[in-house]
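2 protein chains.
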Amino acid sequence: MSNEAYQRLTQRTARIGALGEAAAVLHWDASTMMPRGGGAARGEQLATLAGLSHELATAPEMAEDLAAATTTEPWAEANLALMRSAHVRATALPTSLVEAMARANSACEKVWREARAKSDFAMVRPHLEEVLRLQREMAQALSAATGLLPYDALMEGYQRGVTAAEVEPVFDAYEVFLRDALPRAEEIQARRGPPAPLQGPFPAEKQRGMCRRLSLQIGLEAENSRLDESVHPFCGGTPSDVRITTFYSEADPAKALLGVLHETGHALYERGLPEAYARQPVGEAAGMAAHESQSLIVEMQACRSDAFLSYLGPELHKLYGGDAAPYGAKNLAGLWRRVSRGFIRVDADELTYPAHVILRFRLERAMIEGRLSIADLPGAWAEGLQSLLGIVPPDDARGCLQDIHWYDGGFGYFPSYTLGAMAAAQLMKAARTATPGLDAGLAKGDMAPLLGWLRANVHAQGSRLGFQDLLRAATGKPLDPMDFQQHLAARYLE
Amino acid sequence: MSNEAYQRLTQRTARIGALGEAAAVLHWDASTMMPRGGGAARGEQLATLAGLSHELATAPEMAEDLAAATTTEPWAEANLALMRSAHVRATALPTSLVEAMARANSACEKVWREARAKSDFAMVRPHLEEVLRLQREMAQALSAATGLLPYDALMEGYQRGVTAAEVEPVFDAYEVFLRDALPRAEEIQARRGPPAPLQGPFPAEKQRGMCRRLSLQIGLEAENSRLDESVHPFCGGTPSDVRITTFYSEADPAKALLGVLHETGHALYERGLPEAYARQPVGEAAGMAAHESQSLIVEMQACRSDAFLSYLGPELHKLYGGDAAPYGAKNLAGLWRRVSRGFIRVDADELTYPAHVILRFRLERAMIEGRLSIADLPGAWAEGLQSLLGIVPPDDARGCLQDIHWYDGGFGYFPSYTLGAMAAAQLMKAARTATPGLDAGLAKGDMAPLLGWLRANVHAQGSRLGFQDLLRAATGKPLDPMDFQQHLAARYLE
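So the protein sequences, as listed, match chains X and P.
Be aware that the first sequence starts at 716, since it is given in the numbering used here, and climbs by one per residue.
Be aware that the second sequence starts at 716, since it is given in the numbering used here, and climbs by one per residue.
Please note that a few of the clues may not be correct.
One copy or two, either will do: identical chains are not told apart, so a pair holds if it fits within one copy or between any two.
What the hints assert, rightly or not - Listed next, the in silico SDA-like pairs over lysine to any residue satisfying Cα-Cα at most 25 Å (straight line): (1) K921 x D943; (2) K921 x T747; (3) K1144 x R851; (4) K833 x E1030.
In case anyone wonders, no lab produced these hints; they're calculated from the structure.
Starting from the given sequences, assemble the full structure and let the hints guide the process.
Below is the structure:
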């Protein structure tokens, strides 16, 4: 079925995969456990792993075996195609460019932290100009090697199988939808009056217990996961050992709770990846938009649904005591599905979040294509937000300085958030149709019906398919933004 | 001062060092944090790091640069000598032998766990025979490459700069000393009557607080260390990020307390290694006997001294309350410096511990030299223990099955324990002479005077010197077992 060259390739990619797993655990450790004094040495360790990984990926034997490898087994074919694509990307960039980017990104990110704190864009501007210059150089080099358009070649680094030309009309349509939907949602919300706040106290220890319990209840296994604390919550680790982190605010139990449910969605995806292809490219998740679809289908689609809130409310009331009324499903929906025009992406609600992403997508694409200079960025940001949400940021800290992505060399990532949200709605609709008892399960806190469908149709597929093909196989069609709009309409406009 | 070949070598060894650090953190994680389901993947990660490290160490460029490297700077000279020696050892063993050992050790260790539980030596005997056969092959290969005698070549893997011919008379003399000292110590102890037990409860949380506090008080920095829990306590991590583990018994607070003080000694050594040579061979600790000397000088020499116990007792009484009398320094000495002839090495007191090591040293040396077969091991063990301590193990579980070392391919390690204990006494004597106020400090819980001397004379030396030369530089003479005997006589025979 597969020749010896292919067998050698799988051994080599398994080593690269193992290095990646080791780095993932070291990253987790750095955010959760490592004493501060270990930082410099950790940097050396991670740089060494990254360097060796790159050397393995670009070794001459790799190119020889990629040229000679053949297989007739479909998964192995997909695996081989991914190896070839990764090799093209790894060898497309000269070492001098990779090193220049590492230096520029690191320098820019450091200055950005201070610039954001002072809301002083001018301070970081020359650094960001250098980062962008190098990003454009990278995009050109990747474009030449892959045949993709420059911006698409950057996007491919985060999510394979979808182009800006496909994203653009989807985002444009959303803008039109939002122009009508947002004022209507606000009006409906205003008519309902403000929800009643939950009554504390919410001790971190109780929150932790509930977060872990729910995380396990909806499908994680205790033997293959952990829940810890870090300043910036994330899901890390490896598929057999997933590690969720969160941050407990004793003033508001919703932040950690909904955050852990979100990360649990990521973790369930990792847990469901095909074990037979562990540490192989085809055994990995299908990309960042696919990953975000799994966190959002759990957090937004399932756990913020009326059905699940009707289960969750009494559980929380049992835990925290006090007045029962605020724990009613309707009131929780009022608290946790509140629409509001804000400046900050990470604080945005489900309806306005895409506006933040659309703004960034348009701006970064224009920057990569040379249509927007860094000097004009703050102005373009203000204009774009005004046009999308009707508000203008009072300063750059709440404008183009708020996100780390660009300042750390991350161009092409932003669309993943909203592609994920849209895919989540589309997948949920398909799951609901295919799975009787899905909502009845949610109303009892039982996510098994939904999870069973996701495991078969998304998780177990690894990265055999690109974004659009994955959706096609699972739902019968490529990305269809109407499913997301219908979900939003049902939730916010009725 | 140093040529380009040397510079390239330091870059390559720094990568090997960084891989070693990454593996150390992953080992720590596996013992403290990792959920059980992560075990198989962790095995892959560690095997990959070990394999890459070996490939870097044996790459053809390494041999070329080692041949061409020159330097005139003394530390760099020592570093280069260590690189050459490591290269000789790494290339002395054919890959087939390394792989056969990995398989045989792993298979034997697995069977040993069951054999020990059942006290069934016959069950593991063929496995141990295979392990020994391969260890002898390794010893021959290393001997041919290094010019050392076969057993010395194995010992060198754990502690450089001391030979069995030097160890043998030292151990023989200890046997003579013990024959007289042990019954006298027992008699003195019997005359004093049994110490009063400490009154519980000893909640784990209180123990943890005290262990951490003492660990920091005697010299660890919070920014560069952690204290966690694991089944088998150890000191791991990296020099800028040392990680101590312990196990809390709520029945007996001494186990964790003295264990943490022991591991703190190891940790202080790592913290004091020369930062300028981080991730270079010469920047590492000088070997296992040197390491054990640092754990024992803290635990046995300093913290079980009358002076420190007079400080520690009231602190513990403040923490646990109850009757104050058992916390008196004399009573604590009665509890924590109790002499007893036992079968188990890890439970042994300071006076009889060397007898357990001498027994193992003689047996493993005879096995490597072909003078003792595995079939005759249980009999030789019983005979040896009878001769050293006057007791015979009732079964093999409490005899030759008790320690993991041999069953996991660890021949040549055992002498390090007692060489370390002896070196600790010798270093303590020299430190006392050179440092006024050392004992006055201990009586106030202040280890700064001792630590200052150790940092300058041991820690900051890295592995510039072998075991005997390190002692010579620090104390003016090679290993002198009389210092240890004097220490024991003062503590147990007066």
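Going down the list of hints, with the structure as the test:
{"no.": "1", "hint": "K921 x D943", "result": "both (14 Å within a copy, 23 Å between copies)"}
{"no.": "2", "hint": "K921 x T747", "result": "both (20 Å within a copy, 23 Å between copies)"}
{"no.": "3", "hint": "K1144 x R851", "result": "neither (39 Å within a copy, 67 Å between copies)"}
{"no.": "4", "hint": "K833 x E1030", "result": "neither (43 Å within a copy, 48 Å between copies)"}
Checked against the numbered hints listed earlier, the structure breaks hints 3, 4; every other hint is satisfied.
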